[in-house]
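Model the placement of chain B on the given structure of chain A, informed by the hints.
For reference, the chains in residue letters:
2 protein chains.
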Amino acid sequence: MKKFVSLCLVLASTASIADEGMWQPHQLPNISSKLVDAGLKLNPSSLTDLTGFPMGAIVSLGGCTASFVSDKGLVATNHHCVYGSVQYNSTEDNNLLKNGFLAKSFQEELPATPGSRIYVTEKITPVTDIIQAALTSEMSGSERFNSIDLSSKSLVAECESDEKYRCSVVNFHGGLEYYLFKQLTIRDVRLVHAPASSVGKYGGDIDNWMWPRHTGDYGFYRAYVGKDGQPADYSVDNVPYEPKHHLKVNKSSVDENDYIMVLGYPGRTNRYRTAQEVENQFTWTYPIAKAYREEIINLIHNNSAPGSDVRIKYESTLAGLANYAKNYGSMIESYNKGTTLSRKQALEAELSQWINANKSRQAKYGDALKGLNTLIRQDQQSQARDLILAYMNYSKMLSTANRLYRLSLENKKPNVERKRGYQERDIAGFEQSMKAVNRRFDAQMDETILLAMFKHYVQLPKTQRLASLDKFFSLDKGYDEQKLKTKLAKMYKATELTKQETRLAWMKETSSDFETSNDPFIQLAVETYAERKHIEEAGEELSGNIQAFRPKYMEALIAYFNAKDLPVYADANSTLRVTYGNVKGYSPQDGLVASPFTTLEGIVRKDTGIAPFDAPKKQLALIKDKKYGEYAKKELGSVPVNFLGTLDITGGNSGSPTLNDKAEFVGLVFDGVYESIIGDWDYEPKLNRSIHVDIKYMLWVMEHVDGATNLIEEMDIVE
Amino acid sequence: MKKFVSLCLVLASTASIADEGMWQPHQLPNISSKLVDAGLKLNPSSLTDLTGFPMGAIVSLGGCTASFVSDKGLVATNHHCVYGSVQYNSTEDNNLLKNGFLAKSFQEELPATPGSRIYVTEKITPVTDIIQAALTSEMSGSERFNSIDLSSKSLVAECESDEKYRCSVVNFHGGLEYYLFKQLTIRDVRLVHAPASSVGKYGGDIDNWMWPRHTGDYGFYRAYVGKDGQPADYSVDNVPYEPKHHLKVNKSSVDENDYIMVLGYPGRTNRYRTAQEVENQFTWTYPIAKAYREEIINLIHNNSAPGSDVRIKYESTLAGLANYAKNYGSMIESYNKGTTLSRKQALEAELSQWINANKSRQAKYGDALKGLNTLIRQDQQSQARDLILAYMNYSKMLSTANRLYRLSLENKKPNVERKRGYQERDIAGFEQSMKAVNRRFDAQMDETILLAMFKHYVQLPKTQRLASLDKFFSLDKGYDEQKLKTKLAKMYKATELTKQETRLAWMKETSSDFETSNDPFIQLAVETYAERKHIEEAGEELSGNIQAFRPKYMEALIAYFNAKDLPVYADANSTLRVTYGNVKGYSPQDGLVASPFTTLEGIVRKDTGIAPFDAPKKQLALIKDKKYGEYAKKELGSVPVNFLGTLDITGGNSGSPTLNDKAEFVGLVFDGVYESIIGDWDYEPKLNRSIHVDIKYMLWVMEHVDGATNLIEEMDIVE
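Chains A and B are the protein sequences, given in the same order.
Okay, so the first sequence: first residue is 26 according to this note's numbering, each after it adds one.
Okay, so the second sequence: first residue is 26 according to this note's numbering, each after it adds one.
A hint or two may mislead.
Repeated chains share a single entry, so a pair holds when one copy, or any two copies, can fit it.
Stated by the list, open to error - Listed next, the in silico DSSO-like pairs over lysine-lysine satisfying Cα-Cα at most 30 Å (straight line): (1) 651 to 609; (2) 533 to 658; (3) 652 to 711; (4) 643 to 129; (5) 437 to 66; (6) 649 to 362; (7) 480 to 97; (8) 362 to 643; (9) 609 to 659; (10) 338 to 384; (11) 533 to 642; (12) 643 to 711; (13) 123 to 362; (14) 711 to 609; (15) 558 to 502; (16) 444 to 269; (17) 362 to 642; (18) 362 to 651; (19) 649 to 711; (20) 438 to 589; (21) 577 to 438; (22) 362 to 659; (23) 577 to 276; (24) 659 to 711; (25) 658 to 711.
Hints listed in this document are in silico derivations from the structure and should not be mistaken for laboratory results.
So here's chain A without its partners, still in its complex pose (with noise of 0.2 Å):
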């Protein structure tokens, strides 16, 4: 039997090992009698099947996971990953968010948020050889990033020749590997049902990262194709499609310590990052991220009243600015506690003594560490400088006259040579994201976050200042407050980028238009283009320096850990992985128990009548009167409505099935505790949970409360 661990865990309690990892399928062989110990009743190799049962019915929606559970394209995944979908359909008169939506009919299902698509990973081919077949030694760090950058561009552009695919080229462990991606793209995509937002996002912000929780966090789409079965655009004459595999539901859920696993994308953690980087991201980036993000919070909250026009626009990026505030405060809160650093420091010294006990070790890997770290210094250098022109990007007149400058550049090229997000498999998303401006813009805020921002760029020492900015804006004459307001003032009024025509009109135009322009951000654009392109290309240099040196750092650690006999998982990186292992609660405090279920009963506690904990009345009458229909588990009395687990998750794995131990779908996982949010960097077995919606509460919903009987029917529910 071969055991398997991670970095974080294998200084610590060896008991629960059994739930860290983000397997890719291939890999699952390798742990197949940990698989079949800890419950699976599969043949851990059926897992590796991309196109056979159960890989074949998991999908991918682009930054959320879901599932085929009808043999019909009915497609399962979380609440708010249909969210925009229910948004987008919603009228003053018919407001779905609020009221919920379900298609009695297929002819009732409306068209999903332009853009949405469902991708069905069917090929995962190994083009590491391909890749480093074009690498040499001798290449500068630029040399290498381009190298990489155009092997990549060229393997996809080559797979997606077949238009009905979307391709991508991703490095796993830091570059030691690499693997082309091939999804078959389903364009035409219906949303079939979502509760109301009173029961999907029951218990909204405050609940988020929170135990206990009683969200109803699920949807529906259905997937459509053309007659010939071949993805197409909408259109009222395509049929639902037929996938070759469903999952089947099993209503009977699971129990406490049942084995779980979940299927899906995965987006990205930092399992592997150096103590060096560890210690830099939690003592200096997030913090002043955080404080960046609220300054922005602040400046909207101040400049908008609730419900006005100019609030609801700011409504979503307020979210993500949210969001990630109090994730990052909850890392720095959580590594402060932990043990994150020492124990990675620990085992970085461990790794050196077993590289420096053997001559060959040394040789091949003896400045693996080392020549990370300075690379990581150089960056770390420049760290101030980076982060504060990011923030300057949530001024969107900046961020937009750079883009269409850039675009106007990129366009001279040939198309596989464009940098990515401007090649012509781009465009489209760039018109829409150019479309999408007004709706989340108002001139006057824009102004004020730029000035904020602004503010914490003058304080940069001059060395790192960019001379075009500072000359632009005369701050290399000193910085005056009021001559800076003055001048922003000036360009504001002045700018038409403010308008979409204007915008998609600019998409069209060669780069001499925009260096005769006389809007103001396209010359601030312009101006400052050739020394954020040396920005850039150093960026570019240091970090193909740095793809010399992870790879080598990473097979050094994995060759450690080899010699150990346990293999090692790859971090997340939007790649469809495995995660497996138990039902179960944990210890949030000393004196304090999570127990692995919540109950209907506890929505009725939690009630207001006052959102986020405004429950439809119908359901408080229905728990009220114990009409728990064929859905109560006897253990508890009542109708589990979520449960957590000890799954290894982060974000990507939204909408995600949580299958049983015969690969049955049995909820949808959909978000993990507080205490695991620096799961992301470090996994702690005894804290880490992963909460699912468990699919009693999803089919008493269903059946009682929206009365949607007809997807019921429709899927295969077996007990």
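Chain B in isolation, oriented as in the chain A frame:
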């Protein structure tokens, strides 16, 4: 076997009724089998002997409870009960609150704060017959009120003829029964030991009423008497008091589900109020009182800088205001979420049915509830006025002038006829309070608060206002804020009551001196006196009438329960009571379980280094090194800090010893959990939990952190 229950429980599950009830010692034989069933190893009847073991070891501090824990008069109680004495002995150079205090010998013990007393209840005499004998059914309310008052005062005066004793007549069940309490009063009280506030108040206001808890809320006094063994004023020649009984200390502590009991002096509960009273209290009184408190809190915050002299003077006022604002808020929340009112209504319906089912019962009790409710409604008609007049007393100038003038009037009468609070026995305390004014008073703040309360007063309908008050402030000619402000400013400028010597001098003046005074606050007191007295008398008339109905209602209720073989305990009234139950966790929320013990490690988890989470460094180091000494509990793998019990306690129980099944000391009760704040009105078995300091934690800190080995040696420690 007799079963027992209270109003609140009769409609609830009978599973845990063992834990409700604050029993008078003489009632214990009635529930003896229940006590034995619950695990008591003593003969329950032994608990009825006030001067025997263990009752003889239980004392009152007036507001707190305490117990003798050595044969040399060592007294254990809560840190928050000795807090004033620690503060009193602190100096700038030697901050005992911060550092803690330990007398390593008797000589090093410090005098407690002036006025500190230890009361040992020696005799409880039923005096119902004496009180009743003076009453006739023809009496008006006032006559009844005054008769009871006079009988009580005569009994007290006779009892206190031996000046070693303090006596009181207390009514039970709203006047159905009366008892005379005779308490030996020890006047030389000394501070022996208190841990640092960072132990004794760990968690501070943030953790107040909260679980999980990690507070070392303990401290020690010693009782001293004259060489003749009799109570005496402080003298260096005094000797430690040798109590007839003291508690053994069992260092084994207790385990989950173990029997525990608390003997103490719970302050006040309202478990037998009518539905009408309950509804009014939670929907009118508490919300309005909470708003007044929050308004005064805000005024103090906005008009004094943190750390300023003024703020320091108001810190304890703020603490009191905030404590009850939070308390009221929590009670309102619990009330709104719970079923207190509907269960109360159901009980009254059942009671009526039972009364009406029998002619003689109908004749005896038929009008009790209705009559009581009529009077209560009458009382509620003036409650808006009564409440705001009470809050106007937050102005020290207003209340001081009123009290001083009243004293001059009462002084004209024979002592026994004087109002409570103005008798000879009260004068020392009166003088103390006149001296204390300046420590908690700032003229400008006093004025600000009075003005704010006036703004509520002037919103009363004319019929409810005081004509004399309106006239004094020219409010009868219409309210003009600016004029009122000017008038108040003049008054505060002119008054001499801000000076201690002036106030003390007024204590000696005659009423005619007051009536000719030109101090504006004295004038105000004089001019409004007649009207205030009239209101007081109307209140007494009403109160006397209620005293005719409430005992009848309680008699009906008790008869109803007794008919079901259920004994009834009386509401708490600061007299000696016994409550018993078990060590037990609870579920504060769906999906969350509070486990019954916290541990040392929880302190480290909570610690931020910033008060109130700033445990002593030495303590943190000991915990990190797992230096548990002999105090670890095997099941926990650590030293227990606090534990949860099902005991029925309230304010006044603070400092009560927690006893095991053999009446050995195993900790101190010091708080209840958030969910039991409504417990003063309604005991909810599932949520009502008491919080105790574990003896193991006390001994661990004393031995390993503070080196209080002399005290450990002095106590009888068993296991």
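Reference check for the pair residue 658 and residue 711, CA-CA at most 30 Å: within, between, both, or neither? Classified as both; 26 Å inside a copy, 21 Å across copies.
(Q) Treating 30 Å as the Cα threshold, decide for residue 609 and residue 659: within, between, both or neither. (A) both (18 Å within a copy, 24 Å between copies)
| field | 30 Å Cα threshold - placement of residue 276 relative to residue 577 | value | Close neither inside one copy (48 Å) nor across copies (58 Å); limit 30 Å.
At most 30 Å between CA atoms: does that hold for residue 711 and residue 609 within a copy, between copies, both, or neither? Classified as both: same-chain Cα gap 10 Å, cross-chain 24 Å, threshold 30 Å.
query = Checking residue 643 and residue 711: alpha-carbon separation at most 30 Å within a copy, between copies, both or neither?
reply = between (38 Å within a copy, 27 Å between copies)
Within, between, both or neither: residue 659, residue 711 at alpha-carbon 30 Å: both (27 Å within a copy, 20 Å between copies)
- request: At 30 Å max between alpha carbons, let me know whether residue 362 reaches residue 642 within a copy, between copies, both or neither.
  value: between (42 Å within a copy, 16 Å between copies)
Give the relationship of residue 438 and residue 589 under a CA distance limit of 30 Å: within one copy only, between copies only, both, or neither.
For residue 438 and residue 589, neither the intra-copy (50 Å) nor the inter-copy (94 Å) Cα distance is at most 30 Å.
Using 30 Å as the alpha-carbon threshold, which applies to residue 577 and residue 438: within, between, both, or neither?
Neither: 34 Å inside a copy, 98 Å across copies.
### Query
Which holds for residue 362 with residue 643 at a C-alpha limit of 30 Å: within a copy, between copies, both or neither?
between (44 Å within a copy, 18 Å between copies)
Q. From the Cα coordinates, with 30 Å as the cut-off, is the pair residue 558 and residue 502 best called within, between, both, or neither?
A. Within one copy, since 24 Å is at most 30 Å while 78 Å is not.
(Q) Treating 30 Å as the Cα threshold, decide for residue 362 and residue 659: within, between, both or neither. (A) between (39 Å within a copy, 26 Å between copies)
When each numbered hint is compared with the structure, violations occur for hints 2, 5, 7, 10, 11, 16, 20, 21, 23.
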